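Visitor: Each residue of the sequence shown is one higher than the last, beginning at 1 in my numbering.
If you're looking for bench data, these hints aren't it; they were derived computationally from the structure. Predicted model only: the values in this text are computed from it and were never measured. Some hints could be false.
Claimed, not checked - Label pairs and their computed distance ranges (CB to CB):
#1 23 <-> 169: 30 to 38 Å
#2 172 <-> 134: 25 to 33 Å
#3 3 <-> 159: 36 to 44 Å
Virtual Cβ for every residue (Gly too), placed ideally from N, Cα, C.
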Amino acid sequence: EQFSYRLTGLFRDAKDWLPGGKDNRTYIAPAITWRPDADTSVTLLAEHMTVTSAANTSYFYDAPNRRLTNYFKGDPAYNTARTEQYRIGYEAEHRFSDFLAVRQNFRFYRILGDYGYTDLVSIDPAANTGQRTATRIVDTVNAIALDNQAETRFELGGVANTLLFGLDYNHY
Numbered sequence: 001e002q003f004s005y006r007l008t009g010l011f012r013d014a015k016d017w018l019p020g021g022k023d024n025r026t027y028i029a030p031a032i033t034w035r036p037d038a039d040t041s042v043t044l045l046a047e048h049m050t051v052t053s054a055a056n057t058s059y060f061y062d063a064p065n066r067r068l069t070n071y072f073k074g075d076p077a078y079n080t081a082r083t084e085q086y087r088i089g090y091e092a093e094h095r096f097s098d099f100l101a102v103r104q105n106f107r108f109y110r111i112l113g114d115y116g117y118t119d120l121v122s123i124d125p126a127a128n129t130g131q132r133t134a135t136r137i138v139d140t141v142n143a144i145a146l147d148n149q150a151e152t153r154f155e156l157g158g159v160a161n162t163l164l165f166g167l168d169y170n171h172y
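Could you put the whole structure together from the sequences, leaning on the hints where they help?
Guide: Okay, here's the thing in structure tokens:
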């Protein structure tokens, strides 16, 4: 077959054990491979994923007194972690002979993060008041990865050997 393809996907709509907590995920990853001959292949890859979950905070921990409590200190409407991830790339390979092959793999990906959480800093039981904080972190990560390889197979003194030489580049 000269062309082959694959489609991987996931859809999950779930709840977390925390009040108002979500554990949702969508994922799709198509791939297509072209094999013009028995010695050459090129695969194009893509991916998109979104994740929504409860933000990771110390919901039931009373830090000043170093103890666990039954009181949820977060806010179900605000304590959320959302990430969105994109990736695109390729894998290429060519065999020149039974003894020599070269490969190159490339990926570009981007991750967008949005994390919000609240915390209860103190409670004044006499005044029936409390002090809360809210934090939001928004961040983006971009990355490029390029991997080059040359592989040779040979026999030396009756022992089969594989020698792999490569050079890779990563930038975040």
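Visitor: Indicate, hint by hint, whether the structure satisfies it.
Guide: Here is what the structure says about each hint:
1. 23 <-> 169: 30 to 38 Å: holds, 36 Å
2. 172 <-> 134: 25 to 33 Å: Check passed, 29 Å falls within 25 to 33 Å.
3. 3 <-> 159: 36 to 44 Å: About 39 Å separates the Cβ atoms of residue 3 and residue 159, which means 36 to 44 Å holds.
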